[in-house]
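Protein chains in written order, with the UniProt record's numbering: chain L, 1 to 332; chain X, 1 to 332; chain Z, 1 to 332; chain W, 1 to 332.
You may find that some hints are simply not true.
Here are the computed lysine to any residue pairs in the SDA-like style, where the Cα-Cα straight-line distance is at most 20 Å [unchecked claim]: (1) Z:90 x W:230; (2) Z:90 x X:64; (3) L:90 x L:80; (4) Z:90 x X:76; (5) Z:90 x W:126; (6) L:90 x W:88; (7) X:90 x Z:88; (8) Z:90 x W:135; (9) Z:90 x L:90.
Please keep in mind that the hints were generated in silico from the structure rather than gathered at the bench.
Predicted model only: the values in this text are computed from it and were never measured.
There are 4 protein chains.
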Amino acid sequence: MDENADAEPYAEIVSGTPDNWGVWGDDDELGALNHLDPDAVLRGVGAVSSGETFTLGTPIGHPDGDPMWPTRDDADHHMLRDKGHFEAGKVTREPYGGWENSDDLVYLYNHGTTHVDGLAHVWYGDELYNGFDAATTKGGIERCGIEHVADRGIVGRGVLLDVARHRDVEYLDAGERITLEELLACASEQGVEVRRGDVLLIRTGAMDLFYREGADAFYEEFETTHGGEPALDEAGITYTEELVEWFDEREIPMLATDTVTAEQTISETTGTRLPLHPVLLRDLGVLISEMNRLGDLAAGCAEDGRYEFLYVGAPLHVVGGTGGPMNPIVVK
Amino acid sequence: MDENADAEPYAEIVSGTPDNWGVWGDDDELGALNHLDPDAVLRGVGAVSSGETFTLGTPIGHPDGDPMWPTRDDADHHMLRDKGHFEAGKVTREPYGGWENSDDLVYLYNHGTTHVDGLAHVWYGDELYNGFDAATTKGGIERCGIEHVADRGIVGRGVLLDVARHRDVEYLDAGERITLEELLACASEQGVEVRRGDVLLIRTGAMDLFYREGADAFYEEFETTHGGEPALDEAGITYTEELVEWFDEREIPMLATDTVTAEQTISETTGTRLPLHPVLLRDLGVLISEMNRLGDLAAGCAEDGRYEFLYVGAPLHVVGGTGGPMNPIVVK
Amino acid sequence: MDENADAEPYAEIVSGTPDNWGVWGDDDELGALNHLDPDAVLRGVGAVSSGETFTLGTPIGHPDGDPMWPTRDDADHHMLRDKGHFEAGKVTREPYGGWENSDDLVYLYNHGTTHVDGLAHVWYGDELYNGFDAATTKGGIERCGIEHVADRGIVGRGVLLDVARHRDVEYLDAGERITLEELLACASEQGVEVRRGDVLLIRTGAMDLFYREGADAFYEEFETTHGGEPALDEAGITYTEELVEWFDEREIPMLATDTVTAEQTISETTGTRLPLHPVLLRDLGVLISEMNRLGDLAAGCAEDGRYEFLYVGAPLHVVGGTGGPMNPIVVK
Amino acid sequence: MDENADAEPYAEIVSGTPDNWGVWGDDDELGALNHLDPDAVLRGVGAVSSGETFTLGTPIGHPDGDPMWPTRDDADHHMLRDKGHFEAGKVTREPYGGWENSDDLVYLYNHGTTHVDGLAHVWYGDELYNGFDAATTKGGIERCGIEHVADRGIVGRGVLLDVARHRDVEYLDAGERITLEELLACASEQGVEVRRGDVLLIRTGAMDLFYREGADAFYEEFETTHGGEPALDEAGITYTEELVEWFDEREIPMLATDTVTAEQTISETTGTRLPLHPVLLRDLGVLISEMNRLGDLAAGCAEDGRYEFLYVGAPLHVVGGTGGPMNPIVVK
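Please model the entire structure based on the sequences and the hints provided.
What follows is the structure, encoded as structure tokens:
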């Protein structure tokens, strides 16, 4: 890997961790999603027991606001046609025999609702995952765009680690760290094991706070500033060599959380912001999914005591997308 | 049902067909999706055999164009940040240790890519599905918005009827009709049965034409005008009492096709445009999904001889959406 | 005028004031802009002396934010092409001999920057200016859209009343009222007279506060809530019968201010919000222009002692616009 | 000037022509607009005689389409609020006493309606006007953005050369060339002289064709392809050393036309596309304004025999805009 001057601080921090470059060929743009082969899919299907389903996508364009990294904007949803158009005589449907219709569009940040980060979302040392030149992002993502993930889909066995319930709190406070040790203790308490190829879901309770107590309560808890810009300070796992090696060894294809930033925003171990993002996305090719609504699923798991399930997610097939909005489904 | 003067021609045409109003209560906004209970989900899961997956979403913002009803526009995809921002010194990532990132957004018609129509997309007689007032659509969908479908998800057993292969053609020509009799013959030839609660997928080959031969070839085949406006003239099933009763009796929760309009656009039986839409969406509460990429799935089915599978779809959770973009996944 | 039940409180309040309905014919959609005939234009031209020019439009998409009514959003400005596209080989300009170009677009609230309100922006009693049915706004403005103003242009003699300077303050505080008496005293002190047909510009200093001390200082001074929604509480003139009659008698075609709301937001005289808007726009057909950058112009006027000038404004020609963004020019 | 390899063909073609780099200082971002000083403004004001006004902006979002370079899209105009919202109970205006309002936004290509190209719209040899690095355009225009033009305004004496009327045709056919000799003959026939500092307007009749006979007639006449992409082939002036020197010597601040491309699209003299753009914008700093509605103005000039007037234009103040939509006003 070629590190330029700017990237060195980060590159130095993570210099001891593994990567998956070349593992699936020099042209690979899927990364750890390659772990989800048909056998992995069948393991996911095999985890189904009750047939109960849960969708994880958060509302888009909710009148009370959407959870959002502060430099992004809420989605806009525009009605293009409704009953008013017909009342005002602005549309006729004669060839249709008179039935009427409505239409609409969305103006949506790809990272502004429940989504999966593509492998080209993050880089350092001027190189993306698998060594692609970061300059290929200029004017549109050319390598590792989200279309590859959209085309493949994310289907496998999922495991929820409900850290909030494990700690017996409604939600983790701003800035709190979850250690690997705690993850494993949580799994153990839940009677579940993170196996090779499992999609890992971690619940902090943040989305539940947003939707139960409202946007103001959420931002009051988590909003802060970084370098003069509005930002969030969320709870989560963070960078350690041990954790990264565990992700690698467990062959985790994707990390999904109910937070906006997926990890402890201001890392307790590195002092920098979001150090797991590049290690996961760019080095290991591990996808990251953020802003998942995990509250109902967690309640269901607590009830039946089963924290493994079939996970199915497929982002919108945005050509050259840096990420893709999606509404994942869990089948228990 | 209260028919107003404008709607009478259509209302008269379909006056002999059943509806599902009140079947799931006066407040129901899910319609035939109610058929997809945990048992139906388990039947879908039970149809899995190989673990192969197929995603059905079409590319969004493809440089060669997206398939589109002519009065809608292709999606716009805007890069908000790429490597160029960093080269030009317009962004710094100091608190991050210097790693860099890309960001983007989409401006997207909800019915302008693979999507599911919500029950409020279509009405006549001033009433939506279950008798809700069509005036509730004014200024934003209040009843039967796509958020209900997004929250529930569409998970069950799916069956593909590959009419194009059944006819031994690459794609059905503009305006051709598929009869119920042909659907049943196709199923029989394929050795599959449409059972109660199955998601019904019908392949005409239209999306394959678009993606194999290009947008020009597609529009040359299908583009036409209705009442002075540019329109499409596609192939598909169309309204008959018998067909509607079959959908009702089979408890089909959703019809999905690889066309833009889901049915024979200019109906051979009624002479009007798209007469199945209101009967399915508004009367029976049956969802409709359009522009599905079915070519690879069909090839897979032809290869292993199995036309049933687990179908999983969840539209984006657009609050008050008339429809929702989605990237469905099939697990064989 | 037909008042419906909902509108009665407002209709009662303003029942004693005049209107211009029918004055320029039953089909008129220009209102008081009709006062700006060629003679009025020549009066404006006659006010030119030095040839100095001032533009009044505020920046759109400023990195530090744009002044905005809180329920609207800042403009988004998207680069569609820049040098990065060429560096990354994503565009070629062969037929051009190799020269390169940049391109962009804006996503812009029509009332989200310096603009003029169209006559269809506001109504009561279910009727717009000149008695047009308010239902004609459904699904797009059919009568009194901003295209009529855009087609005509706003050209005439303008007069600035610099109330902030008159009071010897940098800006008027939130909620302060400017009376007609004060306007006249200000004019008198400035040695200028508001004559028939003059475009009236009133300066409170609000935009200067925004651009000199920043968005935070601006919102700290003016932000409030109305009925649970974020709102502003600005300074300005407000409704009295006397003031409305003065506008009518002076044949003022347009009121322009350096505030977001153009008038005392929470009216001291009526207790309601923005009571001048409907009286001016809907009854008299007087246009309203908001968020004008008046600081430089005011300094220029103070320097040369001349507060009259040629005013030239033409909003974007948005078909069916409720208002139109514009960048007015003053020629002194 | 530093020419890179890619740019050489163009750079060679125009190597004999003058530039204005450094003329107004190394930091100048206004270019030839500097010619429009207060004296020039007063010369424009002195050209007023009748007080008649003409606006030149074309409709935005017209139901029958907007004139457009084929790779751009028509503007979208979205209603955000109308009477339907109130009828459906989705908005209340209690604090307002019950008066109601409408609201809207536009999604608009800056070069997709009547506009002025900023000096950063075009470059070659990796340098913008005045030698600024073309890399400063990456991720947003940093130098020579349209905000400088918006802040200054374009006010001066304008002269219309009505070439269509001079040729006694309704419009110039696709691909036709207008020579400098013809411009001067046209001026002479019209009894007008292009003086130093005049804004130059050239009419070909193209916009009149669009608005009189419709979009289809317009594109039938002018649409073509360049290098596989849809394009236009319009009539206009084109590059010669003599013409460029005339622009320079006449100190023309801006060229405005009623075409989409402002010049003979496929140059008869260079064989390349649009060779005047970089010479005017990047070398001389001369602005270019396109898609001006000149038909009514031309008729007025023909009637009174006066082809000079006051020209006033100010684009929207888009920060970092590559161009700015505007609705210019002519005062005769």
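- Query: Against which earlier hints does the structure fall short, listed by number upward?
  - Reply: 9
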